[in-house]
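Number of protein chains: 2
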Amino acid sequence: MNLISSPLLTDLYQLIMLHTYFARDMRETAVFELFVRKLPAQRNFLMAAGLEQALDFLEGLRFGPDELAWVEGCALFPPQFVRELASLRFTGDVFAMPEGTIFFANEPILRVVASMPQAQLVESRLINLMHFETVVAAKAARSVLAAPGKLLVDFGLRRAHGAEAGLLAARAAYIAGYGGTATVLANALFGIPVFGTMAHSFVQAHDDEAQAFADFARAFPKGTVFLVDTYDTEAAVRKVAALAPALQSEGIAIKGVRLDSGDLAALAGSARRILDDAGLREATIFASGNLDEYRLRELMTLGAPIDGFGIGTSLVTAADAPFLDAVYKLQEYAGTPRRKLSPGKATWPGRKQVYRRYRSDSCFDQDVVTVEGDSRPGEALLVPVMRNGTRLEPKETLETIRRRAAAQLARLPPGLAGLDPAAEPYPVEIAPALRDLAGQMDRGVSAG
Amino acid sequence: MNLISSPLLTDLYQLIMLHTYFARDMRETAVFELFVRKLPAQRNFLMAAGLEQALDFLEGLRFGPDELAWVEGCALFPPQFVRELASLRFTGDVFAMPEGTIFFANEPILRVVASMPQAQLVESRLINLMHFETVVAAKAARSVLAAPGKLLVDFGLRRAHGAEAGLLAARAAYIAGYGGTATVLANALFGIPVFGTMAHSFVQAHDDEAQAFADFARAFPKGTVFLVDTYDTEAAVRKVAALAPALQSEGIAIKGVRLDSGDLAALAGSARRILDDAGLREATIFASGNLDEYRLRELMTLGAPIDGFGIGTSLVTAADAPFLDAVYKLQEYAGTPRRKLSPGKATWPGRKQVYRRYRSDSCFDQDVVTVEGDSRPGEALLVPVMRNGTRLEPKETLETIRRRAAAQLARLPPGLAGLDPAAEPYPVEIAPALRDLAGQMDRGVSAG
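Protein chains in written order, with numbering that gives the first Met the number 0: chain A, 0 to 447; chain B, 0 to 447.
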């Protein structure tokens, strides 16, 4: 069973529901929407990501022999259910905000319209994919805003939550404006630019640090960025400077140094002076080590002469807000709008659309969430992406998505673009048509 | 390329280092250890997990045709490197703390002894696997301690960080004492007991909630746990009670109800009364909805009549401490101990062992970290698990690991077993022999 694409990567209650829908012949059209109920206090906006993986999942959905054997063997379901599963495919329609779109609470980023069993089954994995990439894209966008013009590189694989998290974090960060990743497989699978320097262990394995630098440069002349903090950073930068003439005479140019610990602003300042004094003005300074967007802002404010940043754990775990209140809720069944009223979890019913209006300076002005068909001024953010289980357009390139994300970030109202909570949240209006629908339903439920 | 087992699931600098080690013929034996430098403020202890997946990874390590083609095509490395990679296997030795072992800062949980290129290459994925499972096992153990005797079920797949995170979180939680998971594939792959009830959408898709319950019970008589919070929890429990006689006459027993929102303690109390009044004393009450170990402690203190808990997002993202300062550091190369001195990141050198002493009541008394060979009183926690790239013992069953974890939790000093930070951290002594070695090396480094 393929860990990534198996339909058994779901909650058991989805299979129980599926069986029940089949048994009761509840196969009418259901409409589910995926949205975030509330933004974390540390986020002024979110950025949609993960749609590509979600559509791959829907297109590839099928129960293989191993999965059917599990269902048969689990002793929960009758044989008829196994036969139903064997022929199950996703044949529904999907509407979504394109990846890289900035969005806010209560705005659906995905709408699935399919027969009830299909639409139900896919819930767990759709959230699993789109929630995580959105978590990371929103986190990454903050670093992009905090350090404009700097090269940002995802260094997070080792402390990402498993293999897929490492890969999808690289993708989401690249969408949001990172320059690349250290994760090789993210290049092999997604074409994301990949960056790498050298390891502390290489320096430690030598008795002499300068010798380690020389050996490294000669063995890998394409990648002469030297890791200088294994013992004493300034001393190591001086060793790099001293080594430069010999390497240059061999045709090897020094690309730069990487700082990975200590007072990065001070060390970057002295490293810059040492490099400049040695005539190495082209050599860059790259910094890493427990960085996040707050540290980036601090280093930018101090004017630290750092050209790029490697950001790992805080990015890939989105450490300050590692999850969103993301849900996938039934909005309509058999033509009738549906609503959940659980305390603190009530949902707006029906198929919805989000309209965004812009100010004269092209910044976002206001969003309106309304029922589909209630046309409002502004741009409709949800667009059709899949019909009858088939993508409507070829896959977007990551470059297209990156350009969209950059354009979106450029149009954020200034109050939302900072790292601190905005004085006022972005205005998202629930349109009268949607309030009316909810009110009608509540009266219906109370009476029922 | 298999996303889970590909050797390209690594950082580019590992390949750069590998190439450099091959080019400089640096193939002597390296010793790396994996440890956590510092515990998060919210953790009094950690629990080792993920060794099984780490050993699987080491045993299966090889570059397939697609991976070799990527290396050849990336234009960074010479053809000789591709040939080296084609024949690369992991042939080293591994020592580890068995899964389920409780450990503390600066205590290695894994030691890899292998030729330098092999030992280096595996760093990223070894941390990626063992860090995450350890993060979740440590988090899950806190719920187990907070709600002794209760059934705890992992509900986290949808907001786990990708597919592998969902699966490995289920495994780590089960090791720590959870009773099971909602994730079907975790049962199919690991044999973890799987639990599931019903969906809000099923209730919403019916015009009448009581009808939804009746339909569900008749279609799935084995799983009559009713989700009662879609509209009004107490009203729904009364509907379940009213339905009971009819279902019982059909031979269907009501197993219980699930609360998923609202004031769980109050609702559990009234649900219990309604069920008892209807003669449904055997029906259980299961609660879920934004739970974590603090909420569990609160509900236990209130004496809420809840039999089991579904815990999702907070568990699988370890939301209050989503990462550990876990590292994999070179301790020895070519027979000589090695040490990194970066500010705040200095490591204790050499091959190490951890000895644990117990009090007369069998609680943990003190740990000592020392150099291998410096025998100390107490139990040696690191044991050999792999020699020449082959496991020394068959895989442990999850039941064996669970029993170990339970025994470890039972031996925690009471001050460490609470949810709040311990007044005093558990004592971990760095032995004189280890301090001496570090001192000798520092004098050597200063002199060099």
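If you're looking for bench data, these hints aren't it; they were derived computationally from the structure. It cannot be assumed that every hint is accurate.
If chains are identical, the list can't say which one is meant, so a pair holds when it fits in one copy or spans any two.
Each computed SDA-like pair below joins lysine to any residue, with the alpha-carbon atoms no more than 20 angstroms apart [what the hints assert, rightly or not]:
#, residue 1, residue 2
1, 221, 412
2, 339, 392
3, 344, 416
4, 344, 423
5, 339, 206
6, 37, 318
Practice prompt. Tell me, in ascending order, the numbers of any earlier hints that this structure violates.
Written response: Violated: hints 1, 2, 3, 4.
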